[in-house]
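Q: Working from the sequences, and respecting the hints, build out all of it.
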Amino acid sequence: MASMPPVARKVPHELAEHGDVRVDCYYWLRDDSRSDPAVLAHLRAENDYTAALMSDVKHIEDEIFAEIRGRIKEDDTDVPVRRGQYYYYERTLSGKEYVQHCRRLVPTDGHITVFDAMPVGLDAPDEHIVLDENVKSEGHDYYSIGAFKVSPSGRLVAYGEDTNGDEAYTLYVIDAESGEYVGQPLKGVTSDIEWAGDDYLVYITMDSLHRPDKVCLHKLGSDQSNDMCLYHEKDDIFSLGLQASESKQYLFVRSESKSTSFIFHLDISKQNKQLEVLTPRLYGIDTAASHRGNHFYIKRRSEDFYNSELVACPSNNVAEATVLLSHRESVKIQDFQLFENHIAVYERENGLPKITVYGLPASGEALGKLQGGREIDFVDPAYAVEPEESQFHSSIIRFHYSSLKTPPSVFDYDMDSGVSVLKKINTVLGGFDSSNYVSERKWAAASDGTQIPISIIYRKDLVQLDGSDPMLLSGFGSYEICIDPSFSGSIFSLVDRGFVHAIAHVRGGGEMGRKWYEDGKLLKKKNTFTDFIACAEHLMKSKYCSKEKLCISGKSAGGLLMGAVLNMRPDLFKAAIVGVPFVDALTTMLDPTIPLTTAEWEEWGDPREEEYYSYMKSYSPVDNVKAQEYPHILVTAGLNDPCVMYSEPAKFVAKLRELKRDDNLLLFKCEVGAGHNSKSGRFEKLREDAFSYTCLLKALGMTNTA
Numbered sequence: 001m002a003s004m005p006p007v008a009r010k011v012p013h014e015l016a017e018h019g020d021v022r023v024d025c026y027y028w029l030r031d032d033s034r035s036d037p038a039v040l041a042h043l044r045a046e047n048d049y050t051a052a053l054m055s056d057v058k059h060i061e062d063e064i065f066a067e068i069r070g071r072i073k074e075d076d077t078d079v080p081v082r083r084g085q086y087y088y089y090e091r092t093l094s095g096k097e098y099v100q101h102c103r104r105l106v107p108t109d110g111h112i113t114v115f116d117a118m119p120v121g122l123d124a125p126d127e128h129i130v131l132d133e134n135v136k137s138e139g140h141d142y143y144s145i146g147a148f149k150v151s152p153s154g155r156l157v158a159y160g161e162d163t164n165g166d167e168a169y170t171l172y173v174i175d176a177e178s179g180e181y182v183g184q185p186l187k188g189v190t191s192d193i194e195w196a197g198d199d200y201l202v203y204i205t206m207d208s209l210h211r212p213d214k215v216c217l218h219k220l221g222s223d224q225s226n227d228m229c230l231y232h233e234k235d236d237i238f239s240l241g242l243q244a245s246e247s248k249q250y251l252f253v254r255s256e257s258k259s260t261s262f263i264f265h266l267d268i269s270k271q272n273k274q275l276e277v278l279t280p281r282l283y284g285i286d287t288a289a290s291h292r293g294n295h296f297y298i299k300r301r302s303e304d305f306y307n308s309e310l311v312a313c314p315s316n317n318v319a320e321a322t323v324l325l326s327h328r329e330s331v332k333i334q335d336f337q338l339f340e341n342h343i344a345v346y347e348r349e350n351g352l353p354k355i356t357v358y359g360l361p362a363s364g365e366a367l368g369k370l371q372g373g374r375e376i377d378f379v380d381p382a383y384a385v386e387p388e389e390s391q392f393h394s395s396i397i398r399f400h401y402s403s404l405k406t407p408p409s410v411f412d413y414d415m416d417s418g419v420s421v422l423k424k425i426n427t428v429l430g431g432f433d434s435s436n437y438v439s440e441r442k443w444a445a446a447s448d449g450t451q452i453p454i455s456i457i458y459r460k461d462l463v464q465l466d467g468s469d470p471m472l473l474s475g476f477g478s479y480e481i482c483i484d485p486s487f488s489g490s491i492f493s494l495v496d497r498g499f500v501h502a503i504a505h506v507r508g509g510g511e512m513g514r515k516w517y518e519d520g521k522l523l524k525k526k527n528t529f530t531d532f533i534a535c536a537e538h539l540m541k542s543k544y545c546s547k548e549k550l551c552i553s554g555k556s557a558g559g560l561l562m563g564a565v566l567n568m569r570p571d572l573f574k575a576a577i578v579g580v581p582f583v584d585a586l587t588t589m590l591d592p593t594i595p596l597t598t599a600e601w602e603e604w605g606d607p608r609e610e611e612y613y614s615y616m617k618s619y620s621p622v623d624n625v626k627a628q629e630y631p632h633i634l635v636t637a638g639l640n641d642p643c644v645m646y647s648e649p650a651k652f653v654a655k656l657r658e659l660k661r662d663d664n665l666l667l668f669k670c671e672v673g674a675g676h677n678s679k680s681g682r683f684e685k686l687r688e689d690a691f692s693y694t695c696l697l698k699a700l701g702m703t704n705t706a
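For the sequence shown, this note's numbering begins at 1 and goes up steadily by one.
In case anyone wonders, no lab produced these hints; they're calculated from the structure. Think of the CB as a built atom: it goes at the ideal place given N, C-alpha and C, for glycine as much as any other residue. Watch out, some of these pointers could steer you wrong.
Claimed, not checked - Under the rule of at most 27 angstroms between Cα atoms (straight-line distance), these lysine-lysine pairs were calculated in the DSSO-like manner:
#1 10 with 660
#2 299 with 273
#3 543 with 442
#4 442 with 541
#5 258 with 219
#6 515 with 526
#7 442 with 354
#8 219 with 187
#9 219 with 234
#10 515 with 369
#11 660 with 547
#12 685 with 149
#13 442 with 526
#14 424 with 354
#15 685 with 424
#16 354 with 96
#17 258 with 270
#18 369 with 460
#19 460 with 543
#20 248 with 369
#21 187 with 149
Unchecked claim - Label pairs and their computed distance ranges (CB to CB):
#22 120 with 55: 46 to 56 angstroms
#23 15 with 481: 27 to 37 angstroms
#24 129 with 608: 45 to 55 angstroms
#25 120 with 226: 42 to 52 angstroms
#26 381 with 608: 38 to 48 angstroms
#27 32 with 283: 26 to 36 angstroms
#28 140 with 226: 26 to 36 angstroms
#29 170 with 368: 44 to 54 angstroms
#30 152 with 120: 19 to 29 angstroms
#31 119 with 283: 51 to 61 angstroms
#32 323 with 515: 13 to 23 angstroms
#33 182 with 140: 17 to 27 angstroms
A: And the structure:
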């Protein structure tokens, strides 16, 4: 067993830009082929060292893993979705890592209501297992289904399969009844696939830098080499996405950068499967679209209308727009769902999501401003709401709801009557009782006075709230992503040990609207880091914790946040979980041969320009590791990660080992058979949580009482 920390050899490598020379002694750790023996040996040595240092608390890790797994109802079924003549649903089985994709016939073709339920039992139509991921995953260390799309007739299913974690899928088509393959698989596609009638598939492929750049049309039975390229996005700042309208009459291809997007549409009913422009390519204008009747509905954001407006235009005259919802400074339009007679608008106000439903005039009638909307009520002080698949020809909207103390729940809501029915709330085993916990929402003042929301949960009979409680504070703060306070079954293994868990909704995310994002990107990126520090200081001042017991965590761009605040204020934290972190930001953004780099310039800045270079150099974690004391740190990586190269965290750890002036834990764990999202099995994933939490308990000296 390894007892001494691995020491990466130093091979000076000069990086010169704008007259500035940086010497990167660990540049050699980057191996794009993932096959260099010296690199792999170093990663193995790090893994061995981590295992050795954690061996004395392996029983704690096993105990926590058993707790987390013990909260899961292993044999379960999700809420069936009605599509055509069938109910479709996913089933999990005891002891099995993956799901079964199942369906049953709808016995009658009646009107869909909130009380609609799939019959089960002896008299019900037979269940048919369309695809069993447990069978398909045999022989693979990693297995993920990225798409599962049923053809319009219900006869065929197309699904995307990833067997190494690099998020490049192989697309298969099977007969839904027999399971037999139809035609040859399509290689190197993204998870965006859609049917264009029963005989055609539309899919997206990626270039050598993992950028979705081509949308293609495949006729079943033909060879992939003969597929027609419908559009090739040659601008490497833009990436392609694909979705179907709720009406199932159109497909939309969206080319988007971090600031701009434009849309093509494809009429599925037409024999000539060609793309037509729906919204033009205009810098700074961002659009998303769907279809109903003889209108396209478009969410449109611009510099002036930064929280978006909602407009509609006739399908035969896309230049003529009618404003349905105007731009509002305090309300951000996040998304919308269309129905035959309704529209549901997903918005954000004061940092919280909300859903407002409106009636629409009959198809063909004139459209005007939306009025008389009904807002759906939610009970928790902070929560997460996401749209679920709903049926276009109905008045029922389905949504997913949870909070830090409310398990994942699926509701059907009748947009005519206002009646809401809980279709399912996930069973949480292991003695879980939501009434034992308190969920709160607080605000911290940033250094510039901005109020930063914080979501908090704790177990009311275990905390003192006098500064003596341990805390895990997490954050993200990039890409306009909203880290809403959703339910996590894993976190209760800390909360039930007396931890307070908090989420800092820092700038760079989208929680408080578009400006919230813009104030935490490019040359304002440091607001993300100082916001997080302000939240930590506020929580200590409010007696939720102390620096002796404050732990922090973040993944991906949240790992960048962790790296930055550890360099800036290492005195503030006791321990940190730094997951698949984007920590070598400057070097990566200077290298357009690295996947995703060019598309990220609108997020972080293009350091080929000196102003951005200097600013990024001032916070990029690898460039700012200092000879100082650091907290206990766990860093994770995935060897096949297409989003953050494994070498970034590897270099961060190597530099920390070289410079840090303390005896605290510094552990590095690199999953050699996984990508950005760790392992693929539902129980395998829980091991990562159990290991991370055990590291925190060890750092806090709490393993004797765990």
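Q: Of the hints stated earlier, which fail here?
A: 5, 16, 17 and 18
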